[in-house]
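Colleague: In case you want the letters, here they are:
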Amino acid sequence: MSERRVAITGLGAVAPNARSVDELFAQLVGGRSAIRRLEAPMFASLRSPIGAAVDFDGSAHFAAARLRMLDRVSQLALVAAAQAIADAHLDFATENRERCGVSLGTGMGGAESTDEGYHIIYAERSDRVKPYTVLNSMTNAAASWIGIDHALSGPNLTYSTACSSSAVALGEAARRIRSGDVDVMVAGGAEAPLTFGVLRAWEAMRTIATQDPTDPSASCRPFSRNRTGLVLGEGAAFVALEEWQHASARGARIHAELTGYGLATDVVHITRPTVAGQAAAMRLALNSAGLDPDAVDYINAHGTATLQNDSIETAAIKEVFGSRAYSLPVSSTKSMHGHLLGAAGALEFVIAVLSLVRGVVPPTMHLDAPDPACDLDYVSGCARSGVTLRAVMSNSFAFGGTNAVLIAETPHDHRRRPSTGLR
Amino acid sequence: MTTLETLQNILIDEFEVTREQLVPEAELAALGVDSLDLLELMFKIEDRYKLSIRDDVPTDLSTIADVVVYIDELLARQAKARGVDPPDLHAAT
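In the order they appear, the protein sequences are chains D and B. Heads up, the first sequence is in the working numbering, so the first residue is 1 and it goes up one at a time. Heads up, the second sequence is in the working numbering, so the first residue is 424 and it goes up one at a time.
The following block holds chain B by itself, in its conformation from the complex (with noise of 0.2 angstroms):
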C-alpha cells in the first residue's frame, strides 16, 4: 500500500470523504480537515508506520500531496538514521 493510499484509508475513516476526493491536489481544508485534526491524523500515521514524530508537525501542510511527501520524508529519515533502508511501502500489510 502506498503512502499515498494509506492515508486516504485513515483520512475515509476519520471523515466524511470519499476516495475520489483524496486526490494529491486537494486541500485538507476544503476536506473538512483543520490543523488540529492533522494533528490527530499524525498519531495514527505513527501507529502505522511505528514512526516517532518528535518534531513540531510542519504548519505549511495544505494537500494530500504535501502530507504524503512529508511522510515519506521523515520514513527515509528515521530509516537513514537507524542504518535501514527505507520501509518497503509497497509490501502488503
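Bound conformation, chain D alone (with noise of 0.2 angstroms):
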C-alpha cells in the first residue's frame, strides 16, 4: 500500500482585522497590526488595556435562538471552519462521514461564558445562572458544533495544550488522515479570550505587554530589546485536512501538503520554555517530513515578544538549522495579530501555508531595535515578497511545556531523505 499523504485543500480564518484568509495576508503584508487600545468602560481598570479583537457580530452568523447557545468562542471557529470547508469545495452529502471528523485546540473554550456565569453567581449574588452556561462554557463546545452543523460522524476532538493547542489538534488530525482512519479532518483552533476576568488573571502574571504610550498597536514587539510581553487575541482559523488521494480523486486544489509534526516537551517549570524541548520539537518535524534543516525556507515563529520565549527560541532555531539560521527567514506575525494563544498555532500554520502559496514573508513589526540574544532574519518591518518557498515551519510552544512544530511543502514531492512520517 502506498504511503498516504496529507492534503491541504481548505484555509478559513476569522481574525483580528480580518474576515477572511485573504484579508488576512493582505493585512499582514502590509505590516498593519490589528492590536488596539480596548475601549469599552470595564477594561479601564487594567494596567495595559491592549488586545486584538475581531470585528464579529454573531448575530449576522447566527439566529438568535442559535446564538444563546454558542459563546463568542465557537461563533468564530463555526464561520472559520465553514470558511476552510468552502475553500476545499467538500461536499460531505457524497463523502463517508463516518470518515470525517473535527479536530480543534482551544485554550480556555467557552470563557465569556465562564466568566458570565461566575459574574452572575458571585457579582450579583443571583443564582439565576443561565441554562445554557455549562454547555457554552465546556471546552469542546466548539468542535462538537462544527461536528453537528457539517454531520462529521468520525472522531470529534478537541486538544488543549494552552498556546500550543491548535498545533497540536493539525498535527494530530494529520497522523489520523496518514493512519488510515479517516479521511478528512476539519482542524484548526480557536480562543476568545478577551474577557475582563481573563485579561486580569493575564496581566496578573506580568506577560502582557505594556501600552505603547504614542502607538497601541505597536504594543507587541517580538525579538525586540525593549519588548514588554505578549498581547492577547482573538479569533479562529481552519484547514480542511484530506488524503492525498482522496483529494486527487474529487480533483481538488490542494494548497500544500503537511509533511513535518514534531511534538516536544519542557519539564522544567511550568512556565519556562527551554532550548532543548523547542529544538527537539523542530527536529522531531524535520525527521517526520524527511527533510533537512536545510530545505526549510520560512518559520512562523512562535515569538510571543515575552521576555523568556524570544531569547530561548532564537537559540533553539540556531541549535537545530546551524548556520543555515542566519539566512532563513523567521517572523513573528504576533507583531500584528497578537497572541491567539490555543488558536495561534492554527492561525499561523495557515498564514505559513499562504506565504508559502503567495511567495510572500510576511514581517516582524515594531522590531527597530532587536535584542542582541535574538539576531537572526526576523523579516524587519516589511513583507518579503517574489520569494519562493517550497518548505515552510510553524512553531507553538505552550505554557505547560507542550511544544508543537508543523511543517507544510508546496504540493510535489521533493523530499531528500526517508521519512519518519506523521508519528
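Rather than coming from a laboratory, the hints here were simulated on the basis of the structure. There could be a bad hint or two in this list.
Said to hold, decoys possible - With a straight-line Cα cutoff of 20 angstroms, these simulated EDC-like cross-link-like pairs (lysine to aspartate or glutamate) come out:
1. B/K467 <-> D/E116
2. B/K467 <-> B/E437
3. B/K473 <-> D/E124
4. B/K473 <-> B/D495
5. B/K467 <-> D/E124
6. D/K130 <-> B/D436
7. D/K130 <-> D/D149
8. D/K130 <-> B/D460
9. B/K503 <-> B/D460
Fit chain to chain and form the complex, with the hints in mind.
Modeller: Here's what the structure looks like:
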C-alpha cells in the first residue's frame, strides 16, 4: 500500500483585522497591526488595556435562538471552519461521514460564558445562572458544533495544550489521516479570551505587554530589546486536511502538503521554555517530513514577545539549523495579530501556508531595536515578496511545555531522505 | 396583557417565531424551544411578574397553553401565600 499523504485543501480564518484568509494575509503583508486599546469601560482599570479583537458580530451569522447556545469562541470557530470547508469545495453529502472528523485546539474554551456565569453568581449574588452555561463554556463545545453543523460523525476531538493547542490539533488530525483512520479532518483552533476576567488573570502573571504610549498598535515587539510581553488576541483559523488520493480523486485544489509534525515537552517548570525542548520539536518535525534543515525556507515563529520566549526560541532555531539559521527568514506575525493562545498554532500555520502558496513572507513589525540575543533574519518591518518557498515551518510553544511544530510543503515530492512519517 | 400575550411577546423577542405560530396548542419543541430554553424563559417570566420560581419547572410542559396554565397557577399560589388577590393580568403594563 502506498504511503498516505496529507493534503491541505481548504483554509479559513476569522482573525483580528480579518474576516477571511485573503484579508488576513493582506493585513500582514501590509504590516498592519490589529492591536488596539480596548475601549469598553470595564477594561479601564487594567494596567494595559490592549488586545487584538475581531470585528465580528455573531448575530450577523446566527439566529438569536442559536446564538444563545454559542459562546463567542464557538461562533468564531463555526465561521472559520465553514470557510475552510467551502474553500476545499467539500460536499460531505457525498462523503462517508464516519471517515470525516473534527480536530480543534483551544486553551480556554467558552471563556465569556464562564466569566458571565461567575459574574451572575459572585457579583450579582444571583442564582439565575443561564441554563446553557455548561454547554457554552465546555472546552469541546466549538468542535462539537462544527461536527453537528456539518454532520461529521468520525472522530470529534478537542486538544488543550495552552498556546500550542491548535498546532497539536492539526498535527494529530494529520496523523489520523496518515494512519488510515479517516480521510478528511476539519482541523483548527479558536479562542475568545478578551473578557475582563481573562485579561485580569493574564495581567496578574505580568506577561502582558505595556501599552505603547504613542501607538498602542505597536505594543507587541517580538525579538526587540525593548519588548515587554504579549498581547492577547481572539479569533479562529481552520484547515481542511484530506488524504492525498481522496483529494486528487475529486479534483480538489491542493494548497500544500502537511508533511511534518514534531512534539516535545519542556519538563523544567510550567512556564519556562527550554532550548532543548523547542529544538527537539523542530528536529522531530523535520524528521517526520524527511527534510534536512537546509530545505526549510521560512519559519513562522512562536515569537510571543515575552522576555523568555524570544531569546530561547532564537537559540533553539540556531541549534537545529546551525549556520543556515542566519539566512533563514523567521518572522513573528504575533506583532500584528497578537497571541491567539489556543488558536495561535492554527492561525500561524494558515499564515505559513499562505506564504508558501503566494511566495511572500510576512514581516515582524515594531522591531526597531533587536535584542542582542535575537540575531536572526526576522524580516523586520517589511514583507518580502517574490520569494520561492518550498517548505515552511510553524512553531508553537506553550505554558505547560507542549512544544508543537508543523511543516507544510508545496504540493510536489522533493524529499531528500526517508521520512519517519507523522508518528 | 394576558399571560398568553406576555408569553407570546417574550417568545417573539427571543425566538424566530411569529405571533400566528404561538397559538395555545402549539408544541414548544416544534417552535424550537427546548427544555433549557424553557428554563431561561422562566427567568424572563420571573422578571415580568415579579415572581419567584424556586420550584423545579415541571418537565411536562409541552405546549404554550401548558406554560400559561403553569404561570397562572404559580401567580395565584404566590399571591395567596402573600394574602393578596392575584395580580390583574389584564391591567395595562
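Colleague: Would you mind marking each hint as holding or not holding in the structure?
Modeller: Checked hints:
Among the hinted pairs, B/K467 with D/E116 is consistent with the structure: their alpha-carbon atoms are about 17 angstroms apart, no more than 20 angstroms. The suggested pairing of B/K467 with B/E437 holds, with an alpha-carbon distance near 10 angstroms, which does not exceed 20 angstroms. Of the pairs offered as hints, the one joining B/K473 and D/E124 holds, with about 17 angstroms between alpha carbons and a cut-off of 20 angstroms not exceeded. Restraint check for B/K473 and B/D495: the C-alpha separation of about 13 angstroms stays at or below 20 angstroms, so the hint holds.
Note on B/K467 and D/E124: the hinted pairing holds, with a Cα-Cα distance of about 16 angstroms set against a maximum of 20 angstroms. Between the alpha carbons of D/K130 and B/D436 the distance comes to roughly 17 angstroms, so the proposed pair stays at or under 20 angstroms and holds. In summary, the hint linking D/K130 to D/D149 is not supported, as the alpha carbons are separated by about 23 angstroms, beyond the 20 angstroms threshold. A hinted pair counts as satisfied when its Cα atoms are at most 20 angstroms apart, and D/K130 with B/D460 qualifies at roughly 9 angstroms.
The straight-line distance between the Cα atoms of B/K503 and B/D460 is roughly 29 angstroms, outside the 20 angstroms bound, and the hint therefore fails.
Of the numbered hints stated above, those contradicted by the structure are hints 7 and 9, listed in ascending order.
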